[in-house]
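Student: Chains as they are written, first to last, in the numbering used here: chain G, 1 to 70; chain Z, 1001 to 1118; chain F, 2001 to 2249.
If you're looking for bench data, these hints aren't it; they were derived computationally from the structure. Note that the structure is a prediction, hence the values are computed from the model and not measured. Yeah, the Cβ is synthetic: ideal placement off N, Cα and C, and Gly gets one too. Any given hint might turn out to be false.
Said to hold, decoys possible - Capping the alpha-carbon separation at 27 angstroms, the derived lysine-lysine pairs in DSSO-like fashion look like this:
1. F:2092 <-> F:2062
2. Z:1023 <-> F:2148
3. F:2026 <-> Z:1005
4. F:2110 <-> Z:1005
5. F:2127 <-> F:2026
6. Z:1092 <-> Z:1059
7. F:2193 <-> Z:1088
8. F:2125 <-> F:2148
9. Z:1063 <-> F:2017
10. F:2158 <-> Z:1063
11. F:2212 <-> G:10
12. F:2026 <-> G:10
13. F:2191 <-> F:2213
14. F:2110 <-> Z:1059
15. Z:1092 <-> F:2160
16. Z:1063 <-> F:2160
17. F:2158 <-> G:10
18. F:2057 <-> G:10
19. F:2026 <-> F:2092
20. F:2062 <-> Z:1005
21. Z:1005 <-> F:2194
22. F:2213 <-> F:2110
To be verified - A few chain Z residues that don't get close to chain G, going by computed Cβ distances all over 10 angstroms:
23. 1009
24. 1064
25. 1076
26. 1077
27. 1080
28. 1086
29. 1087
30. 1089
31. 1092
32. 1098
33. 1103
Unchecked claim - Selected chain Z positions facing chain F (in silico; Cβ < 7 angstroms):
34. 1049
35. 1083
36. 1100
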Amino acid sequence: MHDNVVDRSKDITILELLDRVLNKGVILTGDIVISVADIDLVYVGVKLMLSSVETMEQLKSAKSIIEKNG
Amino acid sequence: MTNNKILCNTGTVNLSIQDITDKIEKLEKAEEAKLKLTPDNAESGLAKLVLTLVELIRKLVEKQAMRRVDGGSLTEEEIERLGETLMKLEMKMEELKKHFNLTDRDLNINLGPLGDLM
Amino acid sequence: MDKIIYAILSVKEDPEKLMAQLNTMKGILEADLYIVSYEDISAVVSDINRSDLIADKTNALKFAELIENLAEQFTVIPVRFGSLVESSDRIKKMLERNYNKIQNNLLEIKNKVEFGLKVFCDPEKMKAEIKIKAEAEPLIESIKSKKKSIYTDYLLNKLKEHRFEEQLLAHVDCIILDITTHLKQLNPIQKFKKMVSATNIIDAVLLLEKDKKELCINVVNELQNKYPDLSFMLTGPWPPYNFVDINIK
């Protein structure tokens, strides 16, 4: 039971951290976030849309962010 | 690795396993979405963008209408007409979503306080 | 080679200390860290081949850890994971173009850290409480008419939903006001998100001075005692990820 609590704490900490490093922090490109009434509506990757197909293929081959096993 | 950053976490309701799973799904989807936008699927990406905006506007219009109704300033007939318009708008939106094979989740729209609680 | 950017900081204070620190650390794929500067602001970077950057959890966490280490000693503006730039020259130009914005931001976050405060509810309890309030409101005359139609029914339902929502938001706003009042003594900059999920009714981030941590914990415990049906979760301290929303092109 104690282990569960500790594990969850770790999970939560990692989740909070990932949420910040993946979604927050300064954006260094021309990405646009369209925001209406405090709702982040659409995250338009202008940079991605204008990227060459080649770059897209490279990004596509990147592994997914969250491994299934956590 | 990372230290435990939880300073207080008491109380009976906490971030549940479901919440954590949902959040991870959301993070995954966001990254996936960024990766998926290629010239090939740019069209459906565009459809998503447009429908998302249209849906938002529809919801705002609906909200505004409800405020007016609640305000009590509309006549019976106006209310009837309003109901008809809103209903048809919603039906049309459902049609569009079906046509492009998009769900509310795809459109990244938080269903609002109602979505999960109703 | 491309560059990964980890953070932006000011070298004015202690350039030697910064270099010394960077020499003890390694970046993604064990690359060396160095800085690219424009006047007194610098970006902390490491080299990488675009195709080698695997966007997985391990690298993301490593990236975050690096920022964390830097933030302990310096005032840093955290950069989002995955920012690649083609050359040092591009970086210099970016820093130059956004010089003022960056300086202002650094000033805002100096000696401050971020805390996260999430408030959870029991959806069933909350639903029950709010429903009572919402349904207590009288229906409007115009709808009470005998003439029923699918349109009026539709509207009626929408109205019920609307009232429920309004009550719920009003309730949450009340709690936020209370939280704000309690936190006032800490003089924070705060941002709130409401109704993030069925259970997470408030998702707030606070920017406070580093030494206010204990005080903050006390305040949150006070709030927890005041609202036994809700759960308050305080996390931190974090580097100020949520307080650097400058867009650097």
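Student: Hint by hint, say whether it matches the structure.
Tutor: Do the hints match the structure? See the list:
1. F:2092 <-> F:2062: holds (25 angstroms)
2. Z:1023 <-> F:2148: violated (43 angstroms)
3. F:2026 <-> Z:1005: holds (23 angstroms)
4. F:2110 <-> Z:1005: Judged against 27 angstroms, a Cα distance of about 21 angstroms means the pair holds.
5. F:2127 <-> F:2026: violated (50 angstroms)
6. Z:1092 <-> Z:1059: holds (13 angstroms)
7. F:2193 <-> Z:1088: violated (32 angstroms)
8. F:2125 <-> F:2148: Not satisfied, since the Cα-Cα distance of roughly 33 angstroms exceeds 27 angstroms.
9. Z:1063 <-> F:2017: violated (56 angstroms)
10. F:2158 <-> Z:1063: holds (9 angstroms)
11. F:2212 <-> G:10: holds (24 angstroms)
12. F:2026 <-> G:10: Given pair residue 2026 of chain F, residue 10 of chain G holds - Cα atoms ~24 angstroms apart, limit 27 angstroms.
13. F:2191 <-> F:2213: holds (18 angstroms)
14. F:2110 <-> Z:1059: violated (41 angstroms)
15. Z:1092 <-> F:2160: Holds, at about 22 angstroms.
16. Z:1063 <-> F:2160: holds (12 angstroms)
17. F:2158 <-> G:10: Violated, because 42 angstroms separates the two Cα atoms, which is more than 27 angstroms.
18. F:2057 <-> G:10: Cα-Cα ~14 angstroms, so holds.
19. F:2026 <-> F:2092: holds (22 angstroms)
20. F:2062 <-> Z:1005: holds (16 angstroms)
21. Z:1005 <-> F:2194: holds (22 angstroms)
22. F:2213 <-> F:2110: OK: residue 2213 of chain F and residue 2110 of chain F at ~16 angstroms, within 27 angstroms.
23. 1009: violated (7 angstroms)
24. 1064: Its Cβ never comes within 10 angstroms of chain G, the nearest being 12 angstroms, so this holds.
25. 1076: holds (31 angstroms)
26. 1077: holds (31 angstroms)
27. 1080: holds (29 angstroms)
28. 1086: holds (19 angstroms)
29. 1087: holds (24 angstroms)
30. 1089: holds (18 angstroms)
31. 1092: With a cut-off of 10 angstroms, residue 1092 of chain Z remains clear of chain G, as the shortest Cβ separation is near 20 angstroms.
32. 1098: Consistent with the label, residue 1098 of chain Z stays out of reach of chain G, its closest Cβ about 21 angstroms off (over 10 angstroms).
33. 1103: holds (16 angstroms)
34. 1049: At about 19 angstroms, which exceeds the 7 angstroms cut-off, the nearest Cβ of chain F leaves the hint on residue 1049 of chain Z violated.
35. 1083: Holds. Min distance 3 angstroms.
36. 1100: violated (24 angstroms)
In terms of the numbered hints stated before, the structure departs from hints 2, 5, 7, 8, 9, 14, 17, 23, 34 and 36, listed from lowest to highest.
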